[in-house]
Structures are given as C-alpha cells and as structure tokens.
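Using the sequences and the accompanying hints, generate a full structural model.
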Amino acid sequence: MKRVIQDVFQFYFQGFKNMTLGRNLWMIILLKLAILYLVLKLFFFPDLLKSNFKTDEQRSNHVIEQLTK
Amino acid sequence: MQNIDFSLVDWSRAQFALTAMYHWLFVPLTLGLSFIIAFMETLYVRTGDPEWKRITKYWMTIFGINFAIGVATGIILEFEFGTNWSNYSWFVGDIFGAPLAIEGIMAFFLESTFIAVMFFGWNKVSKKFHLLSTWLVAFGSNLSALWILVANGWMQYPAGMKFNPDTARNEMVNFWEVLFSPVAINKFLHTISSGYVLASVFVIGISAWYLLKNREHQFAKRSIVIAAVFGLITSAFVILTGDGSARNMAKYQPMKFAAMENLYVGQQNAPLVAIGILKADEQELAHKKQDFRFTIEIPNMLSYMAFLDPNAYVPGIKDLVHGNPEHHIISYQERSEKGKIAIQSLAAYKNARKAGNDSVAKTALASFEANYANFGYGYYAGRDVHELIPSVATTFYSFRIMVGLGIHFGALFLVVLLLTLKNKIEKKRFILYTALWSIPLAYIASELGWVVAEAGRQPWVIQDILPTIAAVSQISSASVQITFWMFFLLFTGLLIAEIRIMTTQIRKGPEPLTPEAKNSPKTLITKKSSHD
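Top line first, the protein sequences correspond to chains A and B. The numbering of the first sequence is my numbering, which starts it at -1 and goes up by one. The numbering of the second sequence is my numbering, which starts it at 30 and goes up by one.
Since the hints were derived computationally from the structure, they do not count as laboratory data. Bear in mind that the values here come from a model prediction, so they are computed numbers and not experimental data. Just so you know, even glycine gets a beta-carbon here, dropped at the ideal spot from N, CA and C. Be aware that one or more of the hints could be misleading.
As the list claims (entries may be wrong) - What follows is a set of in silico ranges between Cβ atoms, one per label pair, in the way DEER data are often shown:
1) B/309 x A/33: 41 to 47 angstroms
2) B/202 x A/10: 41 to 47 angstroms
3) B/161 x A/45: 38 to 44 angstroms
Here it is in structure tokens:
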C-alpha cells in the first residue's frame, strides 16, 4: 500500500516537475481562480439570500414576498 | 411587480449572456477534441506507428491549453445565480442541486485523475492504460456537460418537479423524469455533437494552415482525415438531433418556434423559409409583426418538421397571443389572468398559514395548484401581452445562419476528405484557406445555437413559470454594470491569453520524431506507402 502511494506521489511529482508549457497554464489557472474567488466572489458576488437571512424559512418568506408583491 | 427596473433586468441578462457565451467559447473544443485525440491514440496503439503518437501528443497539447484557460469559467455563472438571480436560484434550488453535485463529483474523479495520466503518463503507464485514460477523459468531459444541459433542459421544459408553496422551492419528485425528459436528452445530444463538429473544423483548419505553410504534410493530412470522418458522422448526428429540437420546440415552446420562423399567422401545410429577409412593419411594431422582403420557401416543410405531418397546423405568434379556439389555443390574456390568480393564491396561502387559518389556506392552495401552469403569465396581467414575444429577428436570423454554416461544414468535411484521400489537398489552396477561415465560423455557429435556444425562449427563465422580470434580484443596476465590464475585461484577457498561447504552439508545430522513432519499422513502412 505504502509503495502504491509512493508511486502515485512520484507520478504526480515528476509530472508537475517536468512540465514546460503546463507551468504557464497552471499559473493562468491559479491566477484565474484567485481573481474569481478572492476578488469577484468576495467583493462583488455575495449569495444574497445566504448573507441577508439566517434561516431557510426567512429566505422562503422573502422569495414569496418578492414573487407575490 | 408593477415597478420593474428594466435597466436592471437588461443588464443582468446581458451579463449572464456575456459570461455564458464566453464560457461557451472554451467548452465545445474540449468536448470534441477529446474524442478526436482518443481516436488518434487508438490508431497509435493499434498500429504502433510513432507518427500517430506525435499527432496525438500535439493535439493533446492544444486540448490542454483550451482546457486550462476554459476551466472554471462556468463558476461565474453560479456566482451570478446567487447575486443577480437570487429569486430564481431559490425557486429552482433542488432541481439544480443534484445534477450539479453529480457533475462536480464526476468531473473531479474522471477528468482530473485521468487528465493527469493523459499528460504525465506517456512511457510511465502501459499504452493500453494510457489509451483508456484518454477515452475516459473524453467520456468524462462529455458526461459532465450532461448535467448542466439537463438543468438547462429543465428550464425549457420543467418536468419531474413540484413546487412547494411552503418553501417557495421546486422539489424534485422524479429524478429520471428530469434526466430523461425529451428536451434534456435532445439538448445534450445536439449540444455535444455540435461541439464535435466545431472541434473537427478546428483540427482541419489548423492542419490546412500547415499545408498552406508547406509544413508537416503527413501530420496535417492524417489529422484532416480523422477530423473529417469524425465531422461527417457527427454532422449527421447534429442534423438528426436538430430535427428533434425543432419538434420539441414546436410541442413545448411554440412561441419560440413561431418566432424562429417569423410565422405570425398559423397555417396548415406551413412552408419552411429556407432563406428570408425580414421587413420591420413600423405600424405593427408593438405586435412584433414583421413581413418578408424576400423568401425562398420549401412547401409543407415547416408542418412536417414540427409534427411529422405535411398537413399539420403550425400556430403562429398571433394565435398564441390572441388564442385560437379552433385549435384549442388559449390566449395570453387568459393565461395571464390565470397566472395572476395563481400569484394571488400563493400570497393568500402564505398569509393564511401565518394566521393559522387552515380552511382559507386549503382553498388558496387548491386555487394556486389549479392555476400554477400559468404562474409566470401572471406577471404580465395588466401589461401589454406582446412583451411575451421574443425578438423575432434575433431568433430568425440566428437559426438560419447556424443552419447555413452547418451545411457549409458538412460540405467542407466531404471535400477535404476526398481531396486528402486522393492526395490533392495541398494543391487546393482555396479549399485550404476556406478550411482555415471556417474556424471562426464554427464558433459563430455554435454561439448562435445558444442564441436561438435562449433568446428565443424569452421572457422565460423557466418556461411558463418564471419570467426574467420575477427571477432577477432587486439590486442596483449600476453594480451589475460594473461587474459586467469586469467580466468583459477578465474574459477578453483569458481569450487573448488562449489565442496567444495557442498560436505560439501552432507556429511551433508538433515535436519532431525522435531518431529511434524515425528508424522504427512502422515509420519506414508509413513513409514508403505515402511515397507510393
């Protein structure tokens, strides 16, 4: 079992280590995820119902109020 | 719902359209190229020819670039659900929850694990296991598209759910009805097969560029043959599933169908307008009625396309808006009145429950359930019901351009395949240029497919149940505008990055064969037969 885990680790480790173009692509992926989660999600895209109400009952009351006003 | 901020609705829609369309720039190539690579690698494993390995590895790099740039761009849509479309997000919660959770788990295990083997596993795992991983990546990425398309299909035809008035949420009562709804399945098959066509055009176009540059002849011709055969087969599938989409539309979304055909007055033996130019009727602007300046029609074809019967009656926009008792079509006016009763009954039910008045709650619930099928129309009570007609010109032209380009791609696949098999493709520079310039056309056709599907079903977010005006969150229109431009910049940046990295890689070309591979008996046999 230990051997299998070591082999799998080595497989990924060597794979990442020997990347050429992949390094740039991973940089783009990480930068993109950082912008998405640390900027956009955090500052511009709150989950309105989750942040404005504490319980599901309050959320459903709010939505029904919105839908029936 | 009397004071609607149309600026907010329009900007929220524009933002969603922008992000969905940019997201879709990356998806279809992943869907199609994954299978093309799998076929190429299968040939490598079966023949042992190192040239096939070289071809596979090259297209795998292109796949990797597209996958890396495109990955997670769809997450933004989920952000928008929570902020800009919170009413909708709550309203549909359970319907989306299960499919998206399955998508997440499947995508993680299938794609992430086997993509690593695909890229890192050359010469480290056996040829057969590597090939299996490549096929699993292809199936995995296509299967993960299934769930989001099932969710979209549900919005076009909400089957297998029940609205719970206590929680204000739709709850899934039959998962299989949601998964196997005719709209969802057809949508999935049509969408992925259109992705296969796009990927085929892409491979042929890039290969054509190499031939125009007098480079990599064997690589390019082999790539063209695989892509053209794959493109031809999947084009037939696109036609078949497109036909299914039209029938579903005629049955479940007749207004979209009528708008797509600019059919204002319904008729039997309805002809299909193969080519047409619309003429806006200024006097009828409010009714969105448009005549034709010019048409080329196929007699009876629309009736046949819609109901597999050349004599069938196809309702027009006017029939749907004003009703047609002869064909049992109730008017939008009547539907909006029923919808208004449903909305009022929901409010009455909620108030009665709060007051503990069970008998009033029971009556209100019965009234709500009796009129729920028209719930969304209630938001148009007292308004001009012509607001329920989608943009005819957008739907009409998008459909025709998409179909026209689809025919062009089919012809291109056939021509390049025959020319390559006859070994004449290098000399046909016009065809090679056409193939190259068909790449942007494939993206246009793919995006227009979504325009037909989504702009054509306006004003509905969920067909007949929830219109955009009720689905949108009451937030500041200015904040939506700011994030619209932020997304525009972010996505444009990603697109520029993709194009730059990809063009650099394409200019670089596939890796040269190693000396061992060059002297491999398989390579020598291939070289000899290509000279013969």
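Hint check:
1. B/309 x A/33: 41 to 47 angstroms: holds, 42 angstroms
2. B/202 x A/10: 41 to 47 angstroms: holds, 43 angstroms
3. B/161 x A/45: 38 to 44 angstroms: 40 angstroms Cβ-Cβ, so the 38 to 44 angstroms window holds.
Of the numbered hints given earlier, the model fails none.
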